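Taken in sequence, the protein lines are chains Y and C. Using this note's numbering, you'd call the opening residue of the first sequence number 1 and step up by one each time. Using this note's numbering, you'd call the opening residue of the second sequence number 1 and step up by one each time.
Be aware that a few hints might be false.
Only part of the chain C face toward chain Y is listed, based on derived beta-carbon distances under 8 Å [to be verified]:
no.	residue
1	Val48
2	Ala49
3	Gln88
Listed next, the in silico BS3-like pairs over lysine-lysine satisfying Cα-Cα at most 25 Å (straight line) [to be verified]:
no.	chain 1	residue 1	chain 2	residue 2
4	Y	Lys207	C	Lys59
5	C	Lys42	Y	Lys118
6	Y	Lys207	C	Lys94
7	Y	Lys273	C	Lys55
8	Y	Lys71	Y	Lys139
9	Y	Lys196	C	Lys94
10	Y	Lys265	C	Lys65
11	Y	Lys41	C	Lys55
12	Y	Lys71	Y	Lys196
13	C	Lys54	Y	Lys163
14	C	Lys94	Y	Lys30
15	Y	Lys71	C	Lys55
16	Y	Lys196	Y	Lys52
17	Y	Lys107	Y	Lys163
18	Y	Lys271	C	Lys102
19	C	Lys42	Y	Lys196
20	C	Lys94	Y	Lys265
21	Y	Lys273	C	Lys54
22	C	Lys102	Y	Lys163
23	Y	Lys30	Y	Lys52
24	Y	Lys265	C	Lys54
25	C	Lys94	Y	Lys203
26	Y	Lys226	C	Lys102
27	C	Lys55	Y	Lys271
It should be emphasised that the hints constitute simulated quantities derived from the structure, not laboratory data. Keep in mind that this is a model prediction, so the values were computed, not measured. The beta carbon of each residue, even a glycine, is placed where N, CA and C say it ideally should be.
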Amino acid sequence: MLKKLIKIATISMISGTIMFAANFNAQAEKDRHAFVNYFLKKFENPVANRAKYFPYVPIEELKKDYIYPLKFEDFKNGPMSWYRPAKEQFAEINDFPPYEIPLDDGKELFTKPFANGKTYSSCFPNPAIKQNYPYYDTKRDEIVTIGMAVNECRVKNGEKPLKYGKGDIAKVIAYLADKSRGQKINIKIPSANAAKAYEAGKKLFYKQRGYLSISCNECHVQSAGKRIRAEALSPALGSTTEMPVYRLKWGGLGTLQRRLVGCIKDTGSEKPKMQSKPVKELAYFLTYMSNGMKLNGPDTRK
Amino acid sequence: MKKLLLISTITVAFLAGCATNYPMATNSVDSAIANAQAKYNKAHSEMVAWGMTKKTIEKAKALAKTNPRKAIALANEAAYEADTALAQSAQYEKIWRAAVPK
């Protein structure tokens, strides 16, 4: 009898944990569905829905320059998803993709032995793993970015860590990204603290900041599909698939964190460190929003 | 007499208002810089500091000896920015959720 009771209690405890575990991402999934739907509706027919989404864009421009209807996978091309002039311009540029040389460098770095004779393969036996980053490591109780994983691999093998954001680290990540091309983003929320990190990233995304008192949301959700000066604003949906990205402005590759820190600075805020907790949380949230989308990095941007 | 009392009350209230709302009332370089630094530190630790506040404090520090008047003005400007950044954060803390697509 007692045995049976213990058994029942154990089973219910285990299933309780499982049920609870499955719940850590309940809010995030609600958010993500609403997020995806917003973009699908907004770009279903900008001409017909002009009054709701694009009241200040001239109708001729909507007809001539806007690409629609956009489907889920279409959103991964940044401004080129919806803005025809940008798409045409970049199709030409990508005839000879400027990221190809740094990508080759990345392959060389990846395969070249460290001083101890091992290579990055010792840490990444299967390089098609970028779809899982950034992930929440429940043992360490922190978000691990792909840049951190690269540097931890180096340190484990007696090498100095690389500087984050650009240069060799972006090249190695580009190699991993290229090997992960076509994999679907698969970010998980495995614990209560992971859910907290997600919420912190969400707040950073939606809350106005800086002396411009502006939020990521205002530019990349509400104003996605509009132009700001000479830029066509990209939808936040799919905005991490192409990382690391070759930017013409940078004249080289940069990581997701480099872009995020740049956009945070552009709100008139102090520039945070690339691997700081808030920036990692923002990356975690933003990447989660594009769950299920296929990776297409590295790619080229203005 | 009543009128005098009223005027003096208003003056006192006004001065008190100045002292709390406008750091301009601070007149020593060191205290102006310390005040700005403390406020900036708070905004920075909450990750809401504005872009130029830290630089403005550095400029104030560099001018503290050679041009204390300018240094105080800069420190007060930085303190004002940090204050505003903190107030902005508190304000938007209450409303940001309304912007999340439902």
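Looking back at the numbered hints, which does the structure fail to meet, lowest number first?
-> 4, 5, 8, 10, 11, 12, 15, 16, 18, 22
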